[in-house]
Amino acid sequence: MTETESATDDEPVELKGAQKRIRDGFFAHDSGLFTLSCVPGAGKSTVAQRLAPEEILRRYVNGDATPEQHVAVITFNRDEATDIIPEICEQLRAIVKHDLRPIASEVSEEEVELLIQRIHQAPYFGTVDSLLRGVLQEFATEIGFNEMPSVGNGALLAHVHEDCYDRVRGNSTTKTEIELLEAAYPEEDYAAGPSELLENAVTYCRNRRLTTEAFRRNLKATRDAVYDDKPKSFEEIADTIGRVVGNADFGNRAKESVTESDQKELVAADKALYESWDSSIDAFCDVLTRYREEYRALTREYGVLSHTDVAYLVASYFEGDLDSFDCVENINRERQQRILQRYQSRLQSLIIDEAQDISNIQHAALSYLAHPGMRVFACGDVLQSIYLWRHAEPGLFQSATDDGEYLGINWSTHSKETATTTYRCVPDIAKAVNEIVAPVFNDDARGNIGDLDPEFSPLEAARNSSEEPSVHISAFSSLKNPGSPEWSNPEDGTGEADKLAKHLSNGLADGTFTDPNNDPLGITVLFRKRARMEDYEAAFEDERIRVRNASDNLFGSPTVQTLLAVCDWLIEPGSPKKTRQLVKEGDIGLSALTEVFKTEQWDIDAVAENHGPTLSESQHRILTELQWLRDHRSTVEIRPASVYLEDIIERLALRADPDDLFQELNNRQRAANLDALIDLITEWEADDRYNPRELIELVAPFREDPNTGPSQPSISSENYDVEFRTVHQAKGDEDDVVVIADPGFSAWTRGPHTNRFVTQGSIAGLAPPTNVEIPEIEIPAFDNGIYNPDAEWERDIGLRWATAQWADSVSNAGSNEFVGPVRLQRIARSERAEVWRLLYVALTRARNHLVMPLPVSLSPRCYRDRWIESLQDGMSFDGSAESYSLKTDRGRVDIGVNDTNPLMDRSRRNTRQSTGIASEPVHRGSLAQWVPRFLNPSSMYPLTEDPDDNALAHLLGESIHTDSNDISDNVPLQLDTFGPNDVGEVIHAILTKLVEKGVSEAEIRSKGTIVNQVFDDIVQNTLPQSRDDERNCLWEFFTDVVDDFVESDLWTRIQRCNSVQVEQPIDGLVQRDGVEIEIHGTADFVVDMPSGDQYVTDIKTALTEQTPQTQKRYELQVSTYAYLFSQKSTDAERVHPTIETFGVERETVTKSWQKRVVERRIRLLLDKIQSDLDAR
Amino acid sequence: MTSPNRLALSAPLEPPEIPVIEMATRTRRDEARSVMALVGSFLDQGVPERDIAVVVRNLETYEQPLFRAALQHGITPVFWTQLRVTETRPFALIDSICDALSGETIDKRILLTPLEHRWTPTDCSEPDWPIDSKTIQEAKSTLSEESHTINKWVKRTTESDDVDVRIERFVHWLANVPEPRPDTVASVFHDVVDAYRRAGLPETKATDSPALLDTEIDARAVYRVKTLVEQLRHKFADRLDEDMVDKSWSDVAELATVVATQRPGRREHSHARAIDVLEANDVWVLDVSYVIVAGLTASEWPQETDSVTQPEFEEAILRGQGKTSKLAPDTSWTNGRDRDHFADVLNAAANGLILTRYRETNRGDVVHPSPLFEVCDTDPIGDDEIQSLRTPEREVPASVRSMLPANLETDD
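Line by line, the protein sequences are chains A and B. FYI, in the numbering used here the residues of the first sequence are 1 to 1176. FYI, in the numbering used here the residues of the second sequence are 1 to 412.
Calculated from the structure, these hints are not laboratory results. There could be a bad hint or two in this list.
No more than 16 Å apart at the CA atoms, straight line, and that leaves these computed lysine to aspartate or glutamate pairs for EDC-like [said to hold, decoys possible]: (1) B:134 x A:605; (2) B:205 x A:948; (3) A:731 x B:365; (4) B:247 x B:168; (5) B:134 x A:958; (6) B:134 x A:948; (7) B:205 x A:949; (8) B:226 x A:958; (9) A:578 x A:603.
If you're wondering where the values come from, they're calculated on a predicted model, not measured in any experiment.
Extracted from the complex, chain B is given alone in its bound form (with noise of 0.2 Å):
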């Protein structure tokens, strides 16, 4: 009835030849710190950290689960996802500036959000640069409700005893900013960045954790943030020639987050002890012992993709007859891609494959497997195994501990 051709495209996938495990949690944080317990205890059991991999189909539901979950167990992840450069300090300051130069007039919150993100003036040398969050609290509980331009605000700070010195100073630096054109734009905030990675990138180090987590996205945001700074220089410029923009830091600050939001960049990360965590899309070179595959329910892997195209004409350009042979259809009008994403992460695990799933919401949502396990012949662990792995113990689970070889340290 239906040609080859097409039934192929929803053909079984090869099972893997190596061991496969299943473990099923309630929800999906408990899938997440059950994941993390399972790599931590591949650690334990002295398995390098770069044979281990970590894979979901999209980081964006998982990244933070599993962030946290391994926190818990004492390891350090690393998502291979691009940075999101707005939820970082560099860009938050170069916005607060934005911010506080747009409006007529800005209240005490707006004025001292700068400062907050660490502004620094660009020729300190004095050790009590970036002003400490105490100060900067403390003079927005003093500062009065109202709003004022910022000529008012330096004239209040001035006159004020009260408020620190080094605030009057910024108030003042803010005052002084020119006009925003492409030039002003770029050489203002390649100053401000300048001065962050002088005084505000070291103050994230100073109190980070051994893994520098936060030093290592603070730096990828100063480095991402002086490109867009060179971008943003251009940009507002062709704007401006195209009559796009007006001459307005509120302007800057919209452009800015246009280009920020597009999120090219680096993405590779600097700590050899850290844990991979990948999409899954990202699997199709890797080559890893033990590969865990979180995510795998019914709701999201594969997952349905919206299509602006009928149904109908999909499939008869799927099915290739006649006339349709000649058009070529998209990965996404199956389910395809997430599908041979699926097979390239069977192939890149070369000694194990352990693949978890939840199996309700938070609300008590029942969330059905993936049909992706019907490929696999798969171990289950139990409850009770679960359970003891997520102990601070971590007790590998007796399938697991039959995937690794004999020679790694053991607890026996």
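This is chain A alone, in the form it adopts within the complex (with noise of 0.2 Å):
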């Protein structure tokens, strides 16, 4: 419940305060903008997923048939939006329940139903991304996509960026530039190279809608705004300096300090240096062109997108110029107005919820789907931003807040509220977060120092306070630098981490972080970077509290590893090469075998048969399933990936992991990782295929860098006592104890003056290059002199690039300003202040406690840098070791020092760690021996005798072979281009085809022109491939058979019979042991006799004499009919079943077995596979 609490379950929860206003005025009026601004736990989602039901339910009654066609409901995260048609449904359920409004009235519980059913079917209720996609789906044929493309396939993604890269840099035209940028700009580990550069700068690109020319003119500004112009003397690079300082006795010092041998060297390399960067910026974008159209072609040719490209081809089609944007030409307008006018005339009501993580290039293009006569209700808190990474501009929210504008449009009806309740944490959590962020958001130097302006409202919390601390600080000592392993934890165990995992191990044991039934609540402890996690996660192991690590990399886990690594080698499992890969780096248990794999020369079969008595089991039973891969592999070449990576899986035991040979959290979590694997895959592969080969190079970019991959899934709590996650991996969750671990960490260590490659809103800047010779001469206010990149872990690189130098750290100018041109500080400025958003998101996760690792004295301070200084002041932190109450405007609020019992012994929770099904090895020989679920009468016998042999021939449905099918010598019949089946089953089909036409005896006798019909049609049929001779033996094989048929007590009685039906089904079960079988027959004839009597015939051709076997196969076949006829009829002893053989012999089989023989050959039938699986 996040809005405000019901008395019962059953109660409806109104809208109070600054939600109702905001709900009022939404519905007072038809059209217009309206905003919520949220504190944390305020329950924005729950406004937004209320006016959608109300407006669906108003619809309807006014007349509207589709409701739901004319509403949207969109958000940012995904998993919130999956919240959103459930949370309408049961919102429109209970409003006419509870009689919420006067509509309600209006409308039965029938109505509701198929509102609700019409709910379900609603076409913009989802992510921002999702309503897009529905957009780009009426036109991606139209722009190139053979079909709508996947989107966000973050692997495919990766090889279109590499392909392009490969391209233009095979390319000639652009060969001299990209050897430029790879020598200006080489790959390092923690610099981006020429391909991450030009990704990056697509991306940006389309998120802003601009051609590259612009693109270049906004590099070059950049650069514009670093140097004035090229230096001509060192007076020029003096004032530079006076002017980025922000103190012009700067310029004058550095001409003072600086010999003059030393400013002519600076001078002659930063004119070098000015020039070069005009050359890579220039190559940059001469590549960035090309690069674009292989991006364009290739993003066709993978069909695949991102969601940036989504948006980004949805603005550029409305607004008409993908033609210069996107090279797409014939654009046909009128299909396009039509396209914009339906989802116009459609979208009455737009409801945007976290509308401060809209991008720009999403706010773009739903501002082609709005007009000024719909309703726009957005709610968000630009103080949760944190995704300004990922081009979030929450700017547009506060625009929309503050003047009206929004979607383009400027709101004639404009109506803002700010509602402050928040419903998540408890008052004294609110009071603390209160303490800290409010001179955070209100320090110009801090949280205000960006663009934004973060207009802060103190936190109301609803819910009732507690008796105990919720507010806890974990106090330690230590004269280490803040942020580093030795602060967090040292050797002698008396860090941070140490302490905060102590204090929190004791509460677990005494009760503060238990609930009232003594269990353990659920305590996350959040990041601002995964730097120290390892650290953290040492020092916990070590107060045996059990950490899972929801930043753990899927891609990183060992079980994946090693089997993408068995994929890899599948793809030659004949090279040597790959097989020494696989056994020296696959970590599939065989790595103590790399010295006999190489006298064996990394042939595994020599290896197992050579050296089979020193192997070990676990190394024995590898060998052979790698084998066993080996010898199947062309399945994998057929199936999907999914598939054949399951099948790997299964051979190998990955998930079960007999041999303990990984290192995972627990066995459950090595299974998760597996099936969040194979889901991926499937995910990705949709209806295509990949081969290994093609699988291999498609996770190539993760295998090589697992944090670009997507995280390890999260299993049920209940392995694990902690959960370690970034901030951003927490952003709109919440947890019973939030701790905020490495609040010393230092904010300027990463920032724009350490990348080479910065956005920020409308200003993009490429780095100088690297590669410029540049003497190592300090200048005043610089470090790093004129330029230095390989100075990556100072607060500077040099005069040249941004800083994250405060300018009072250096000269008298303002405490609030950092070292450096104006453009590219603004950039520094805005992810500053980020950084104090995410304490603030931090903070606000926590619901009943809070939980905070401070040092009991800290120097020197730097609370420009750290969280840690906001939070000991927050706090009113001295250092004593006693707990003690805050004073605060609100009241007071008890801070709890290292206030859990040291003496408490924890003992774990029953952890059960669950070893499910899931974890034991399968072995498919254990299945069920194959029984034949359907008999035929026919074939029995045989089948029945040796099931083994026949259930081949069984199972293709072909006849079960016995002596019955050779020819005798005396058959005048030349088989050549047919066999005796074909000859059976022709001269069946004629006799059945005589029967059912009436042709009278006296024609058949004679041979006539109708028999001779029948002969030709059904050989011309079944044997359309046989030569004359062919035919000729087998009319006069037939003509001997008929001749016999005529004689027949069969046909004497077609001649005498009431009715006569040919090839009629007969079915039956037969059920043994539990096993049940079914029994299809079908006879050829069944004659019904004048008497009551019905004649049950089979005709058998006999190309040879019979043998015992072909005798017991037809008693057993009639004896079959009259079983199945003993349970359909009670008058099953007037049912007479008989087999009449024709040919070489002429012989009639009646019933003589009882028909409990059926029972008997299905009980022998059993026994004889029960006997083969024993046997094996």
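Both chains are given apart, each in its own frame, so use the hints to dock them into the complex.
Following this line, the structure appears as structure tokens:
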């Protein structure tokens, strides 16, 4: 419940305060913009999900039969999007059930169900991306896609970018430029090379809808902000120093402190840097032009787009400039207008949740769908905007709130509200958060340093106070550098993470962090970055706290890595090189055999055969399974990757891990990781098929750098005590206990000064090239002189790029300024402001307890660069070891300092590391032995006699061969183009046809025209390939058979019967030992006699003398017919099954066996199958 | 406001009169494992295979998770869906032969792929066919990387001492395959498939599990590809007449894929001890003691169907007022078809019904229950019980146990 507590679950919850006012305003107008700014936990989504059902209901009552078609509810977050429909349905029911609105009485419960059914089909409820995807679908094929492309397939997109780079690299027209860029921006561990720079540039250009020329101007504008002009003298450099430091004296100091010869050297180098930078920008943009062309083509070739691309294409399509932006010509303008009109006429209400996270291009695309006649509700919180790096533009929501401008419309009706009541945290946490962040957001050097106006509204908690402290400090002492490994987890175990771990561990033991039932509360440890997670994990492990790290990467999972290593090997399992790679690097449990493999030239068979006795059971098993995989390699070429990967998992028991090869958190996580990988590949593949080579190429970027891939899935909380997450991962979530980890990190260590390509809103910059010789000469305020890109771990890399250096640390300039050119420093300031919003988001995830590690003393203080001082100041923590009470404007807050009992021994929770069946190896050999489910009376005998031998023929529906299929020498048949079975089939078809046609005996005996015709038709259809001489022989044989046929009792009965039917199905069931077998036969003739007797007859064509087996086969067939009729009829005694044999032998088989022989036969079959199984 | 006829389309279904149990798990794969654990527990209790059916709305998303989960529990499942012929070895064999015959030059991988798919000479009686995978893989790593014409490959393989004579024989055969005409296509592939039937299929059976899971698929594929070859002969002739294809092996391959992907053909399964897994639209005539219905999530069942008509138009016809009363609505315009199928499932179960769902995706996105749950008053199985069910011991949840007749074999 995020809005207000209701007395009972059944009672409806009403909106109050700002929420109610904005709702009322929304429904009081036919059009307009309505914005709601909300503090964390204030239930902004709740309002969004209340407006929609009421709007749908109102429209319905007013006669709109399809109201859901006119409302869009969108959010940034995929998880929240899935809640939209269930929540709207629930609210709709509540409105009507509790009569919450006057219109509620105008609909019946049946109509509510109808509306709910319609809501489930609503097209515009979901994420912003899903809405725009739907729009793109309308014209995707028109702009060059074969079908709707897949969106957001990271692996495929990485592949597209890789190919784009390869193509521009291999293109002769951009060869020089690429060489220049590769020299200027060589790829390094923490520095992007040209391929990454180009990829980022494409995204930026698409997000801002920039042509490459406009982008070039942008980069040059940044260059111009750094250099007024090409430097001609040291005076000019000195002037620049004075300007960017904010104190002209520094220029003079530079002139004084740098020797004349150094000045000359610097001017020369600076000129070279200027020129080289200019060339680099030009080269970059020239290559980018080609790269964008390739990207355009390859996204179509691969059928893939990023979410940014989708928004970009939608915006450009409606803007009508796809031709200049994406080289798509001949857009059908009429169609484009029709699509636009359809959306605009449909969408009457647009409800946007998490509006602060909308990007520029999403906003642009949505602007085309918006129109002044609609109502727009947008809710969000600028202070929770933490996705600048994903191009979020919180300023758009701020301008909507402040100025009434949104989606390209200056709204004449504009209403705004702010909801400050939070339903998430207890009052003490709310007060603590206010104490910490209010000064932060009011500080021009911290939260208020960026372009946004962070209007902070203090939190007002709606929940009841708790008796025990909710805010805790884990106090510790350290003289080390905050944020360093020695600070967090020193060897003596007294660091930040150590003390925190003890605090939590004791708190779990003494009940501080447990619920009234003594069950542990959920604990989330939030980090800004992953850097210190390992140190924290080590400290927590020392305290026997089990950690789940939600930041662990899926492709970093050892089991996933091994699976892909085997898949890689399967590309060419006969290659010694591949086998060597697998054995040495695949972590498959064979590395101890490296020398043996080497001796045997990486031949797995040789290792298995020649070293069998020395192999461990596990090694032997793995080798055997690898052999199996190799021997079945062809299947990986024809089946989906998601299927053959499962085969590998099964064969090598990767989920089960019987040999403990994989050091993962636990077996459930291991299984979940493999599940997640398979799901991911399934999603990627869709209708495509990736063979091992293609798959390995596809996942190469993730294997190389797992950080770029997805995270491991989260499993149930029962297997860990705390979860580590980054603040970004926790956005939108909450937990009972939230810990602010590693608050001593330095915000300046990464920023524009360390990046080669920077973007922020309308500003983009490419750093100067790194390959220009610059003398290492210090200049005032810049430790790294003119430019030293290698100094990436310092606050500046020289005069000619951005810095993280505070102006007042080098001069008496303003304390809220960074040193550096204004244009670049705007980027630095915006990024820095987001660091503080991140703290706000982290603090406000807590429900019942907020824990922060703080040092008892801290010197020097860097309050502008670290969270730790702000926490310390906000809590007025003076280093005292005692818990204390903090006085705030809204009342006192009890702060617990190390307030858990160190003497309490924490017995671990019952962890039950579930060894669910997924963790057991699969043994296909133990599957139930195949038992035929369907039997045919005619083949029952041979199949039950020898099921194993006859299984294939049975599965193929072939006649099961017995000796009767041979041909006697006396038969005048010449069979080259057809076989004995064909003869039987033809004779059988002719005889039944003659009876069916009612051909007279005389006609048959005379072998006249009709008989000839039937013979010819059937032979032609059945044996089109037969030769004339073969047909002549066959005719001759047939005439003998048909003569016998008209002499038979069967024929006599046919002449005297009431009716005769041919090819009649006879079906039934036999059940034995819980096994049910269906019998499906077809009787050639069913003859009903006037006496009431019924003759069921099959005819056989004998081409050789019958054997005892043939005889038994026929007898069993006859008995089976009898058995089946006995199941169906009480008068089964009057049914007479027979088999009439014609040809070389003439015989009539009637029922001589008991019906129960059929059940005995089934029993025999089951026994035989079991004994075959036992014999294996 | 809205006519009763229209409202009737969204009227609630009749709840079943048998016990209904709900089982919710974390992910789809967890759900599949729980479903098969439940099947296993039924079998443990002596319920015959034919008294159990697993039903899903769409096998596309459930076949693999259920298949793997079934194997994990030692259960043989059969999925009542048509064979994906293009993912079978017999089809891959003829497809790879077309590939090898298509290009002017081919590399060693394309050259050897038909052998990987167990190409065997027509007149072979030797036991050493099809060629073992190891020999083929070794040839792959020893032959040169360059592409050659088939004749050049003939020369290379003949001259080389390292190449197995059987490979040489295959390359010769390839070189002598006639130009593609309807009759030659048919005769070449007839021979190829017959040889596969004789040598390849028994190979599958020899290394298969006792349940003959792979053999059955392979046998169905042989049967289907034999038919396909016949169809191919006629289609190829027709298309040549219409000038729609060239006399090329690549066009033959393309045509074969088109014919194969139409996916008609038999669906019956031959294993009497296998558990039936069906799609909901196949359930309407069934009468099974225990039905386990998987995938009852909001996003899967009911599922929105794409429609080319405008929703306003559809709704007008559904309401049937005025002139629109003469027009027949499509069942996909409401979720009626899915509701009907669900009703069929409810009716198919004679003694007990277990409805299952999952709560989140592997990415952690929430997955909501299907609104169809509202039809039934369900008795949920607790998480602990599911955990116990999914152990090798398969502890039967109490609510499930109460569904079973007293005279069945039990652990108690």
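Evaluated hints:
no.	hint	verdict
1	B:134 x A:605	9 Å, holds
2	B:205 x A:948	10 Å, holds
3	A:731 x B:365	14 Å, holds
4	B:247 x B:168	27 Å, violated
5	B:134 x A:958	32 Å, violated
6	B:134 x A:948	28 Å, violated
7	B:205 x A:949	11 Å, holds
8	B:226 x A:958	13 Å, holds
9	A:578 x A:603	11 Å, holds
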